[in-house]
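Which chain is which? The protein sequence lines are C and P, in order. Residues in the first sequence are numbered consecutively from 1, following the working numbering. Residues in the second sequence are numbered consecutively from 1, following the working numbering.
Hints listed in this document are in silico derivations from the structure and should not be mistaken for laboratory results. One thing to keep in mind: the hints can contain errors.
Calculated lysine-lysine pairs in the DSBU-like style (CA-CA distance at most 30 angstroms, straight line) [to be verified]: (1) P:Lys259 x P:Lys176; (2) P:Lys139 x C:Lys88; (3) C:Lys182 x P:Lys166; (4) P:Lys176 x C:Lys121; (5) C:Lys166 x C:Lys125.
2 protein chains.
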Amino acid sequence: MNTPIFEERTARLLQLLQAATEIDCDAAWIIKPANRRYLSGFTAEDTQLTESSGSLLISDENRWLVTDSRYTLTAENEAPSFSVYTVKKNFVEDIPEFTRHISFSRLGFEEDYLTWDLHQKTGEKLAELSPPITLTPLKGMVDHMREIKEDWEVMALEKSADMISKILDEVIGDLKPGVTEKEVAWRIECLARENGAEGLSFPSIVASGPNSALPHAVPSNRKIQHREPIILDVGVRLNGYCSDITRTVFLGEPDDTFKNIYRTVLHAQRSALGQISPSVQSTQVDAVARNIIADAGFGAYFGHGLGHGVGLATHEGPRLGPREGTLLQTGNVFTVEPGIYLPGKGGVRLEEMVVLETAGPRILTNNGHFYDF
Amino acid sequence: MNTPIFEERTARLLQLLQAATEIDCDAAWIIKPANRRYLSGFTAEDTQLTESSGSLLISDENRWLVTDSRYTLTAENEAPSFSVYTVKKNFVEDIPEFTRHISFSRLGFEEDYLTWDLHQKTGEKLAELSPPITLTPLKGMVDHMREIKEDWEVMALEKSADMISKILDEVIGDLKPGVTEKEVAWRIECLARENGAEGLSFPSIVASGPNSALPHAVPSNRKIQHREPIILDVGVRLNGYCSDITRTVFLGEPDDTFKNIYRTVLHAQRSALGQISPSVQSTQVDAVARNIIADAGFGAYFGHGLGHGVGLATHEGPRLGPREGTLLQTGNVFTVEPGIYLPGKGGVRLEEMVVLETAGPRILTNNGHFYDF
Numbered sequence: 001m002n003t004p005i006f007e008e009r010t011a012r013l014l015q016l017l018q019a020a021t022e023i024d025c026d027a028a029w030i031i032k033p034a035n036r037r038y039l040s041g042f043t044a045e046d047t048q049l050t051e052s053s054g055s056l057l058i059s060d061e062n063r064w065l066v067t068d069s070r071y072t073l074t075a076e077n078e079a080p081s082f083s084v085y086t087v088k089k090n091f092v093e094d095i096p097e098f099t100r101h102i103s104f105s106r107l108g109f110e111e112d113y114l115t116w117d118l119h120q121k122t123g124e125k126l127a128e129l130s131p132p133i134t135l136t137p138l139k140g141m142v143d144h145m146r147e148i149k150e151d152w153e154v155m156a157l158e159k160s161a162d163m164i165s166k167i168l169d170e171v172i173g174d175l176k177p178g179v180t181e182k183e184v185a186w187r188i189e190c191l192a193r194e195n196g197a198e199g200l201s202f203p204s205i206v207a208s209g210p211n212s213a214l215p216h217a218v219p220s221n222r223k224i225q226h227r228e229p230i231i232l233d234v235g236v237r238l239n240g241y242c243s244d245i246t247r248t249v250f251l252g253e254p255d256d257t258f259k260n261i262y263r264t265v266l267h268a269q270r271s272a273l274g275q276i277s278p279s280v281q282s283t284q285v286d287a288v289a290r291n292i293i294a295d296a297g298f299g300a301y302f303g304h305g306l307g308h309g310v311g312l313a314t315h316e317g318p319r320l321g322p323r324e325g326t327l328l329q330t331g332n333v334f335t336v337e338p339g340i341y342l343p344g345k346g347g348v349r350l351e352e353m354v355v356l357e358t359a360g361p362r363i364l365t366n367n368g369h370f371y372d373f
Numbered sequence: 001m002n003t004p005i006f007e008e009r010t011a012r013l014l015q016l017l018q019a020a021t022e023i024d025c026d027a028a029w030i031i032k033p034a035n036r037r038y039l040s041g042f043t044a045e046d047t048q049l050t051e052s053s054g055s056l057l058i059s060d061e062n063r064w065l066v067t068d069s070r071y072t073l074t075a076e077n078e079a080p081s082f083s084v085y086t087v088k089k090n091f092v093e094d095i096p097e098f099t100r101h102i103s104f105s106r107l108g109f110e111e112d113y114l115t116w117d118l119h120q121k122t123g124e125k126l127a128e129l130s131p132p133i134t135l136t137p138l139k140g141m142v143d144h145m146r147e148i149k150e151d152w153e154v155m156a157l158e159k160s161a162d163m164i165s166k167i168l169d170e171v172i173g174d175l176k177p178g179v180t181e182k183e184v185a186w187r188i189e190c191l192a193r194e195n196g197a198e199g200l201s202f203p204s205i206v207a208s209g210p211n212s213a214l215p216h217a218v219p220s221n222r223k224i225q226h227r228e229p230i231i232l233d234v235g236v237r238l239n240g241y242c243s244d245i246t247r248t249v250f251l252g253e254p255d256d257t258f259k260n261i262y263r264t265v266l267h268a269q270r271s272a273l274g275q276i277s278p279s280v281q282s283t284q285v286d287a288v289a290r291n292i293i294a295d296a297g298f299g300a301y302f303g304h305g306l307g308h309g310v311g312l313a314t315h316e317g318p319r320l321g322p323r324e325g326t327l328l329q330t331g332n333v334f335t336v337e338p339g340i341y342l343p344g345k346g347g348v349r350l351e352e353m354v355v356l357e358t359a360g361p362r363i364l365t366n367n368g369h370f371y372d373f
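So here's chain C without its partners, still in its complex pose (with noise of 0.2 angstroms):
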């Protein structure tokens, strides 16, 4: 990674920033940990989701990033295009002190991550300074820019696809009945790290028989059997880029009911996938999928969306869901993942993470496993 993609995207944000009249403001302040790193290189991540491991000021005259003393050094290593300020207190006591640097009126801000207590405190002390600073939501900016990946930012996502694709292969391969869920789920694991993760993208989803009707079960102590359903929802961290894939699987033959199901959901599938090209609104997209499952019986059991885009963050936009449309575009990289749960008995679920092309989508997990019902 170097630091003129860093420097070109924060040109970038410039740019949309003054273009943007319904933003009002001349600066931005990044605290997502996505963000902060798309935009800088720094991969620190929050700790916790209240503890902040440090955040960007950016406008047309400064780069900053403000960090504490645990963040310096890795600050100063990884995001040399920035200037590091380590604050004395905290953020919002060391404001007087670190704008004494900066030359901007209205700061942009993330309000969909900053929390209500910290908009209050610092928005209290920069209005304190003279001249005074104002705080303005950014409604997204970042976050939209991130939706559209770049062709290398496409290649790093395929390599993660690809590495999960194939640990799925190898676990899939072995599952035999009497293994408990966890133990699936951690062979998951430890195949990411051996083969060089840093680590799964979120928590694996092992889920067998009556779990598998958990749309986000837990792995349990449970042993999987023959002819149930078995989930898993597993995706890996390479060089910071997230995968994400779902696979259904059944030692022996399953009852009619889920191959019922089975079919259904990947009918649904197939179809969304057929009906995704630049430009076609989200919403559009889901409604092929959840039309096809309703009227196959079952539109009281897909509660979720359709799909997510993938990128830095296991979950980011765009959306595909029923609701808050938004028109596809070259570059999205996101899932398509439709599912059918029946309480107490078990559900299917199937996922793939796609890249927009302009021909169409590709297809980024690559994972055979499927049932011909």
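Since the structure of chain C is provided, determine the placement of chain P on it from the hints.
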């Protein structure tokens, strides 16, 4: 874990709400994962800060757990003392629907977790109700409850601390020049899982040589070497409860600088521990360690606080730092972890986790790896 615990805690919260004249509200909206779990037993984490897995609404007459369809069954299984409401659209859009079943007018919210954006949207929707509901900051009320551990929580924390202490024993015993920081970190993670922990309580820090000067170093491919400091800062999560311990290790005798630093840090830590008793100010304990380090000439190289509470979260109250003191109380569980970090050279940190009892602090971590330089 049985239901009466959650009923008792919820009742206690309501008593506190009623008694707290500075917090004018008759209900609490709980969104922090650890607080949610503490009051209800619902174990789900938030996959991202911006993606809630649910929240609690608690008033004299209501015990609601509002979640979405991904978590309905888990919530019903884990939180039987709450009524589970599954949103049809999302929390904000569903407010007119589920508030039909509730009976309060001033709702306390967690201002250090709720985002500015969600506060705006929720506040607007609640204001449209008739009669309207207003939002008021809860000022950390549930977090404060969690700072005083129940006896069985201390036992759970002791088990967690004991597991990581033993793992560290094994790992330190096997350390050899030539293994990488990443390999050591991965070994710790494997041992945690093999021993039955849910996982790590935070990403392990294994930082050798100059990397040990970074208080939050990420394990790298650097090979550990003779005579240099190796900081291992690690913890597991066992039955929900976190542990946290740090040792600094040398393979072969270090130079006089590091011997001096090690001696100073150990002396600072033991002196701070000697100062701890119920009703002592946390700032006073921090000052004991900080002054010893400053007197030894390293005042500029100890940039972080002395310690933090540990429980369902790795970092919680009480905080032990130079600012914003609090009176330490019986039942507090926290770390004592001074450090000295010389940029470019290396650092030393030593950390114990203690429970404060009437007679003084009892160390829960149980690893005797110290040097008598």
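Hints and how they fare:
1. As the CA atoms of P:Lys259 and P:Lys176 are separated by approximately 20 angstroms, the hinted pair is consistent with the 30 angstroms bound.
2. Simply put, P:Lys139 and C:Lys88 have alpha-carbon atoms about 25 angstroms apart, close enough for the 30 angstroms limit, and the pair holds.
3. Annotation: proposed proximity of C:Lys182 to P:Lys166 holds, straight-line Cα distance about 23 angstroms (limit 30 angstroms).
4. With a C-alpha separation of about 48 angstroms, the suggested pair P:Lys176 and C:Lys121 falls outside the 30 angstroms cut-off, and the hint is violated.
5. For the hint pairing C:Lys166 with C:Lys125, the CA-to-CA distance comes to about 52 angstroms; that exceeds 30 angstroms, so the pair is violated.
Of the numbered hints stated above, those contradicted by the structure are hints 4 and 5, listed in ascending order.
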